[in-house]
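Peer 1: Each chain, letter by letter, is given below.
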Amino acid sequence: MIRYGDTIREIAKKILEEKTVDLIIGFKKGTLPITTEPVLIKDTQNSDQLYWDSFCNMNLANYLPKRGEKIGIIAKGCDSRNIAVHIVENQIKREQLYIIGVPCKGMIDRRKIVSFLGGKEVREVTESDEDITIKGEGFEHTLKKNDYLQNNCSTCMHRNPVIYDAIVGDLVEERKDPDPYDDVKEIEGIGLEERWESFSDLIKDCIRCYACRNACPLCYCPTCFVDESGPQWVGKSIDPTDTMTFHILRAYHCTGRCTDCGACQQACPMDINVKTFTRKLNKDVLDLYGCEAGLSIEERPPLDTYKPDDYDKFIR
Amino acid sequence: MSDKIIKKEELTNILKALKETYEVIAPVKENGFYSFKPFKDGGNIDLNFTNTRLSPKSLLFPQSERIFEFNLDEKSKDGYIVKEHPKDYPPSVIVGIRPCDAKAFKLVNINFDNPEFKDPWWVKRMEAMTFIGLGCNEPSSTCFCTSVGCGPFNEESLDVMLFDLEEYFLVRALTEKGEKLLKQGRVDKDVDEGLQKKADELRIKAEKKISSSVPTDKLKEKKINDLFNAPFWDDVAFACINCGTCTFLCPTCWCFDIQDEVTKTVGDRIRNWDSCMFPLFTLHASGHNPRPEKVQRVRQRFMHKLNYYVDKYNTGVACVGCGRCVKYCPVNVDIREVFSLMNGL
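As you go down the protein sequences, you meet chains A and B in turn.
Residues in the first sequence are numbered consecutively from 1, following the working numbering.
Residues in the second sequence are numbered consecutively from 1, following the working numbering.
Bear in mind the hints are in silico, worked out from the structure with no lab data behind them.
You may find that some hints are simply not true.
To be verified - Derived lysine-lysine pairs resembling DSBU-like cross-links, with alpha carbons at most 35 Å apart:
1. 112(A) <-> 294(B)
2. 29(B) <-> 28(A)
3. 120(A) <-> 222(B)
4. 120(A) <-> 8(B)
Every value quoted in this text rests on a predicted model; they were computed, and no experiment measured them.
My request is simple: use the sequences and hints to build the entire structure.
Peer 2: Laid out in structure tokens, this is it:
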């Protein structure tokens with residue numbers, strides 16, 4: 001996957017030169033090891049900045065809404081699904097996009113690396129297909145990438161882009177594991193009170209910075225409900241009731257639209273696994289409607305439509 | 001007062017002794033990261049950290065603080081009277097604060113305690129606080145304190161400095177407050193020449209270990225309009241997702257919002273941290289927003305720290321080089337690069 005970089009730069013250069021697109025949205029190498037920065041490239045002189053490794057965690061679909069240009073965008077499986085969601089929800093037009101698809105073997109969770117090192121700092125990183133080698137002052141470790149993937153990448157069933165105009169490598173094999181929802185089932189299995197306690201415990205460190213919301217491609221509302229001031233729906237303090245209201249309402253707004261890309265969790269400065277909420281809703285939507293978000297640019301999201309043959313009587 | 005020496009294992013007992021007079025606050029490791037919490041007798045203190053994830057600013061400037069209370073019942077005898085919410089300001093000690101975080105309190109103090117305005121809650125807490133700093137033997141790769149007027153053993157904002165000498169702490173009182181506190185904790189054994197020398201060497205070694213630096217020499221002479229209209233802001237802002245991580249983790253970001261929360265007829269006036277990254281921060285009652293776009297909000301944060309503050313107070317930049325925003329920005333917006341861009345314009 002590390003070799004994708006060359007192909008990405010080649011394609012980017014070509015489509016900029018041929019004026020197929022006005023700009024490219026991709027990643028550039030971060031200023032720190034094990035980080036990358038989303039970047040917007042407008043001309044071929046800068047297209048060499050485009051970069052790829054296993055730390056391209058953020059979801060680039062987040063940068064699409066409201067843009068009018070013709071855009072080249074680099075898309076992993078999850079990014080492509082969020083692009084599809086944007087197209088269905090009229091946030092961007094398919095014709096505006098040139099999607100450079102990246103078959104993905106999973107992104108590495110930098111927190112897992114940081115926690116493995118227990119306070120020591122990564123100064124240098126190199127990776128091969130299966131392994132990652134991290135170096136720092138007085139240490140060098142070679143780790144299996146698969147052991148350090150983001151949790152959502154370990155259970156991802158859509159690693160290949162669902163829509164693309166060019167692809168940077170051979171498609172990867174999709175997982176056949178039938179059930180990626182063990183964590184959700186665990187929570188479903190506990191009692192109501194205990195569940196509430198576990199949710200309260202989950203968000204107790206939340207500082208209301210909204211990094212989870214802002215990293216999420218689904219959160220493109222012109223004014224988020226927590227930012228409304230007349231009427232004001234939610235308190236602004238770190239009162240646990242207000243914080244819980246924010247998290248639960250945000251999760252519900254993502255129902256049937258979330259691709260489990262993990263951007264929210266990766267963005268959280270307090271290491272809160274906010275996906276706990278959305279994953280339950282993803283499972284419900286799959287169980288109830290047989291839908292997974294962003295697999296098609298034709299189908300409306302499940303909570304935005306109805307079918308005459310719905311098995312629930314109230315709708316008929 | 002000459003420098004003192006204590007064995008490391010004595011620290012817990014000294015803090016216990018201080019607890020008779022002071023509220024003692026120390027770094028504690030919980031859920032995998034460090035923060036400043038009340039010191040417990042069992043000794044939950046853990047000084048093996050580089051920087052706490054959240055800066056200690058909430059100790060003087062809580063994220064949410066009830067400041068006034070009121071009653072909207074006209075028939076009540078205190079109806080429509082706003083009263084200050086009663087608070088205690090017990091003498092307190094922060095143990096193990098890093099020199100950069102202490103310096104940040106000094107920078108923020110200019111805003112909350114000046115001839116024109118005095119924030120009563122900040123001022124009272126500041127008066128009650130004694131800072132026992134812990135020099136940084138092992139600064140992080142993202143620390144750039146030495147290029148913004150601070151350093152791993154910078155003493156200017158501390159009352160006491162601890163030098164970590166493996167088995168010992170060298171203890172240096174830097175102010176009267178600090179001397180008083182050391183007497184209270186019965187820290188009275190003078191240091192010998194050998195350990196004194198070791199501490200000096202440690203400081204020099206740590207300063208050399210700071211591998212990251214930012215240019216600041218030309219910021220003072222820059223014109224506001226030139227920086228404001230600089231061509232680089234779109235590039236700087238592109239990746240930014242406009243979350244509040246940088247501002248909330250930053251030890252020198254002091255902006256707040258005041259909110260009234262009312263239940264039936266009783267209400268509280270609450271002060272909450274706010275962030276220039278949020279659109280609501282500048283939204284006027286008319287509906288007009290002078291900073292409607294992300295790029296304007298991103299520019300504001302850097303202009304405030306590296307231009308407005310510099311011009312207004314003439315004490316350097318409003319950044320202590322702790323590196324938190326560099327480390328925790330979800331999209332790697334790196335203030336060190338913005339220093340270069342602004343200084344180099």
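Peer 1: Hint by hint, note whether the structure agrees.
Peer 2: To see whether the hints hold, each was checked on the structure:
1. 112(A) <-> 294(B): holds, 31 Å
2. 29(B) <-> 28(A): Holds. Residue 29(B) to residue 28(A) sits at ~34 Å (cutoff 35 Å).
3. 120(A) <-> 222(B): With Cα atoms ~39 Å apart, residue 120(A) and residue 222(B) exceed 35 Å; violated.
4. 120(A) <-> 8(B): holds, 23 Å
Figure legend: structure checked against the earlier numbered hints; the only hint not met is number 3.
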